[in-house]
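**Student:** Take a look at the letters that make up each chain.
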Amino acid sequence: EDQVTQSPEALRLQEGESSSLNCSYTVSGLRGLFWYRQDPGKGPEFLFTLYSAGEEKEKERLKATLTKKESFLHITAPKPEDSATYLCAVHADSNYQLIWGAGTKLIIKP
Amino acid sequence: NAGVTQTPKFQVLKTGQSMTLQCAQDMNHNSMYWYRQDPGMGLRLIYYSASEGTTDKGEVPNGYNVSRLNKREFSLRLESAAPSQTSVYFCASNQQGASYEQYFGPGTRLTVT
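Protein sequence lines, in the order shown, are assigned to chains A and B. Heads up: the first sequence begins at 1 in my numbering, then just goes up one per residue. Heads up: the second sequence begins at 1001 in my numbering, then just goes up one per residue.
Any given hint could turn out to be false.
What the simulated footprint calls covered on chain A by chain B, stretch by stretch (three residues with Cβ under 8 Å from a Cβ of chain B suffice, anywhere in the stretch; the number is not a length) [what the hints assert, rightly or not]:
| # | segment |
| --- | --- |
| 1 | 27-34 |
| 2 | 37-49 |
| 3 | 67-74 |
| 4 | 99-109 |
These are computed hints drawn from the structure, not numbers from a lab. Note that this is a predicted model, so its numbers are computed, not measured. Note that beta-carbon positions come from the ideal geometry of N, C-alpha and C, so glycine has one too.
Model the full assembly from the supplied sequences, consistent with the hints where possible.
**Tutor:** Rendered as structure tokens:
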């Protein structure tokens, strides 16, 4: 069964303290892995798409990487405005629909 | 350019009542989606419309119906609301299919008592 798991559920960091969020997946064949950011009371906002192992994408303080089993969202020197829930979703060969993880709630303290 | 809009933003229903959630997009996208989001769970697809004139069931379609009114608009109807349908509902759209990034509306928070 296709599955996506995100860890940790929540992460509290001090401003400037770098860390990583994990998205592990078990699918029959990967067509694409997506990262979204969701602010409280709003809809998810697209960040990145990764298609193959070894691929990396960056945007400001965020960098997403992909292996054959998992993806990491690295956040470097985060600021309070980076606080949000980060969602991972996978598009698999066997499924028209995206499979979504439950998200990681990131809190950056000033 | 408003992107994806949803109405209403909040709604409280009694068990057994019906309602329609409205969604519209102005990006000329072919595909549209309805999701529900519950605490501790990933987004779950209720119904989707790959293109104008077509609709298909997603992961959790029971208790819901949809209408793709035209290319811009995709509505979600609850015929007889149940407390289990208390959730936040998101509409999304994209160019075509799951390989493309999706653009989400602001959501509707629905409570069924």
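**Student:** Decide, hint by hint, whether the structure agrees.
**Tutor:** Now for the hints, and whether the structure bears them out:
1. 27-34: This one holds; 3 residues, not fewer than the three required, reach chain B with a Cβ under 8 Å.
2. 37-49: holds (count 7)
3. 67-74: violated (count 0)
4. 99-109: holds (count 5)
Hint compliance for this structure: hint 3 alone is broken.
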